[in-house]
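The primary structure of each chain is shown beneath.
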Amino acid sequence: MDIYRQIILDHYKHPRNFGHLDKPDAKTEEGNVTCGDRIVIELKVESRKSEVIDDIRFSGEGCAISIASASMLTEKVKGMKIDGVMKLSIHDIMHMLGSTLTPSRTKCAMLPLEVLHKAIWTITIRK
Amino acid sequence: MQNDFPLLRRKINGKPIVYLDSTATSLKPQAVIDKENEYYTKYTANIFRGIYTTSEEATKEYEDVRGKVAKFINAPKSEEIVFTRNTSESINLVASCLRPKEIVASIMEHHSNFVPWQQIGKLKVWDGKEDLDNIVTRTTEVFAITAVSNVLGTILPIKEIVRKVKTINPQCLVLVDAAQAAPHMKIDVADWGADFVAFSSHKMLGPTGVGVLWGKYELLSAMKPYQYGGEMITEVRIEKSVFKEVPHKFEAGTPHIAGVIGFGAAIDYLTKIGMDNIRKHEEEIVAYAMKELKKITGLTIYGPEKRAGIIAFTMKSAHAHDIAQVLNEDNICIRAGNHCAMPLHLSLGIAATARASFYIYTTKADVDALIKGLEKVNKLFL
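Protein chains in written order, with numbering that gives the first Met the number 0: chain F, 0 to 126; chain Y, 0 to 381.
Take the hints with a grain of salt, since some may be wrong.
Here are some of the chain F residues that sit facing chain Y, going by a computed Cβ distance under 7 Å [to be verified]:
1. 35
2. 62
3. 63
In silico BS3-like pairs for lysine-lysine, Cα to Cα no more than 27 Å straight-line [to be verified]:
4. 279(Y) / 67(Y)
5. 80(F) / 117(F)
6. 67(Y) / 223(Y)
7. 41(Y) / 106(F)
8. 26(F) / 77(F)
9. 41(Y) / 59(Y)
10. 106(F) / 26(F)
11. 123(Y) / 223(Y)
12. 67(Y) / 271(Y)
13. 106(F) / 375(Y)
14. 12(F) / 375(Y)
15. 243(Y) / 70(Y)
16. 12(F) / 293(Y)
17. 371(Y) / 12(F)
18. 315(Y) / 12(F)
19. 70(Y) / 271(Y)
20. 12(F) / 294(Y)
21. 378(Y) / 12(F)
22. 106(F) / 315(Y)
Note that these hints are calculated values from the structure, not bench results.
Keep in mind the model is a prediction, meaning the values are calculated, not measured.
A virtual CB, placed ideally from N, CA and C, is assigned to each residue, including glycine.
For reference, chain Y alone in the conformation it holds in the complex (with noise of 0.2 Å):
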């Protein structure tokens, strides 16, 4: 599997490198990288336009996508996947096109399922404890949820808290960033029942630069373009226009064609080994990892025994990025300050912490270089 993914053959002054950074994006396989570069070399054209046979395969590639990723989250219907540029865009499409009055959303929310509704409406943050009847109201318009925290590792019980919001109010919509859950385990919108999901294809194999928006069919249909531009009009006079159906109506302008094309292989891959092993690869390298790191002295992990593939931690020898530096010197490859996750921060009371997380390539190798390193920044700053 390792031998699939070009960069860890990579070396940096002789030295491999650890990438233990998967949860700010993954590595991509060759297969992806291919796949990508098969729309540059064999078909390349605009989409839905030329009446060609490279602009035919370009389309049909393109849409075939679409298709894979309903199939992947179980979506009921293709139409019901919007592509974005990534999961802030696939919320902010959300926020800019119902601009809700009243939102409430979690302190462990990721900025981009934070911000777009702090600027839209009037925001209230739910400690992830107190009982959702405290905090939902009958005027709440948007749950705003994340399904992973990028932070602390904390699986949510989606479907139990989309019904607890719903019997609190039926006409609150739910949006679950599902962008730490989707590239880690098996996701089933309609199980589910939330209104929207989104999600990105970089942390899941795929390119940068694509998103993915999915939510209810008549949802979608009911609410406005949120750019307007090419691809997404059927007709146009002075005085007005007539836009596409979704999806489409959302996708203005010369989309990422070669992006989801790749994005495509991404969900093959992972597919092919299936989401039920990924997760189970994670939970044993997890549990590894917790193991070896409450034995580095003055170190403290942040969230629940039982998480995602992500551990957030502190040494009271160095700051989160000293510890970083320290690694680097190693190849190894960790993220250091608040991971866009400010307000879970300064509810923490810390500024900044250390970030390992884990993904389909992670070895015990990886984590034991991990530890090895750790031991070496207490060993230059205690």
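Chain F with its partners taken away, still in its complex shape (with noise of 0.2 Å):
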């Protein structure tokens, strides 16, 4: 099943970056109610230019599709600059995940790669 390739499936039951920060800078939780995934990511950012991801986790329950996804965006993002981060599109996850999706399932794997930006948000906006 192309879909749940390996990585995929590795990434869904041994999720990286799953938990909580210590006093993280952002806190953002999303949903994608229809679906019933929710994702919540906690970013720490380097602290004196806070241009660079230093730490990232990730918590939440959702499918395959969107838990993969936020797994393997954890691992890409850390140690990222913020600018790059933001610049994130639809088709670096696609690359991300190297499966083809159906339009609903695009939906679950986009929506942590929503969550982070939202997150960098918080931090810019308080800047």
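Starting from two chains that each stand alone, build the complex the way the hints lay out.
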């Protein structure tokens, strides 16, 4: 089955960076109500310039696609500059997952990036 | 019977379709498709307007369906049948016209019998267990209740509920959402004693885009029109208009003529089989499915043992969406999500369920395919 490639199942069953941060700089939660997915992302940014993602955790519940997407995304963005993270788009997520998704499952895949972008906004607005 | 449904002959990737989502919409028999097509090929014309043969034919076909629907649900008068777009519109029509200040609805309601009330007045929720004396009061104006839960499959004792509500408050109007009942069992609106009943054609073998609102004649008569425009009017002056009688005052504009005519063929088809036979078949299928589903590791079924042909479940190994996705590999169509019943899912403390639902064309082989598919889900995710 194409969509459930081994790497996706692996991230779903053993999500990376799953949990919480002590005193995160940002914490954002979003859900996809129709399917019942809910993703929380917590961030720490490099303290002096707030330009690099120092640490990241996610929690919540969801389908294999949304959980794997969140897990892979946290690995991808750790240590990345915020500017670069804000430029990530649907193409990057599709490339990261490496699966062909139907429109309804694309929503699941995109949820973690949407939450991450919102979390970053809360930091940039504060600045 | 399966031969009557052209979709069941279709193959995707060389495999047949196992359709287990009849609660969302039913498949259509050839007779319904042909009847709808007949309007487009033989007597396309607007109704009530032309003094020519095809328009007269179309008008007669359209109005005959009103009579068929009335007979099907044992409505005292065919004028009490209003054609709408769907169940949602039927309920919105009543909510907009009555604008009640206080409403009670059950926690099991589909969003279509929940949100219109919530947006118009003060909505109190009945959990289905609490004594109605504690929730329906002298100031409750509308009691909104589904006859069959579209998630749990619970069949509600509507007659008893209506009697109870009316005992507490005779002025309280009762609206029954029969979208999941009308396709699957004999319903008798006169016996129920409710004031309004709403359902959709597309869940009972008919075309999409056609709904029914049945209401007591004197109530419909007293209500103002819901929408204004063509067809529903007898006289228009610059300063005022005079509206047609019930039901036409509620059918503004050109209706879905072909859809209504096709719906008539659906009612004929159901009547020929007999609603009692349909219910009996579903009882057999649902009992078999319940027995087989219980054998699947980590599977939880929601709702009572005796139920309509609807089974919502969750699996320890996988989210509902992933279940549906894996099943789709073998063209097994189920629904995943909250099935437009988010308040119920929240009360159950679950985000999403997978739901298989059955109808007259469902076979034990379809259930077997579902079971095989769910074993595949466990193999992949467990």
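Now the hints, each set against the structure:
{"no.": "1", "hint": "35", "in the structure": "holds (3 Å)"}
{"no.": "2", "hint": "62", "in the structure": "holds (4 Å)"}
{"no.": "3", "hint": "63", "in the structure": "holds (5 Å)"}
{"no.": "4", "hint": "279(Y) / 67(Y)", "in the structure": "holds (23 Å)"}
{"no.": "5", "hint": "80(F) / 117(F)", "in the structure": "holds (16 Å)"}
{"no.": "6", "hint": "67(Y) / 223(Y)", "in the structure": "holds (26 Å)"}
{"no.": "7", "hint": "41(Y) / 106(F)", "in the structure": "violated (44 Å)"}
{"no.": "8", "hint": "26(F) / 77(F)", "in the structure": "holds (15 Å)"}
{"no.": "9", "hint": "41(Y) / 59(Y)", "in the structure": "holds (13 Å)"}
{"no.": "10", "hint": "106(F) / 26(F)", "in the structure": "holds (21 Å)"}
{"no.": "11", "hint": "123(Y) / 223(Y)", "in the structure": "holds (26 Å)"}
{"no.": "12", "hint": "67(Y) / 271(Y)", "in the structure": "holds (13 Å)"}
{"no.": "13", "hint": "106(F) / 375(Y)", "in the structure": "holds (24 Å)"}
{"no.": "14", "hint": "12(F) / 375(Y)", "in the structure": "holds (17 Å)"}
{"no.": "15", "hint": "243(Y) / 70(Y)", "in the structure": "holds (23 Å)"}
{"no.": "16", "hint": "12(F) / 293(Y)", "in the structure": "holds (24 Å)"}
{"no.": "17", "hint": "371(Y) / 12(F)", "in the structure": "holds (23 Å)"}
{"no.": "18", "hint": "315(Y) / 12(F)", "in the structure": "holds (12 Å)"}
{"no.": "19", "hint": "70(Y) / 271(Y)", "in the structure": "holds (13 Å)"}
{"no.": "20", "hint": "12(F) / 294(Y)", "in the structure": "holds (24 Å)"}
{"no.": "21", "hint": "378(Y) / 12(F)", "in the structure": "holds (13 Å)"}
{"no.": "22", "hint": "106(F) / 315(Y)", "in the structure": "holds (23 Å)"}
When the structure is compared with the earlier hints, a violation turns up for hint 7 alone.
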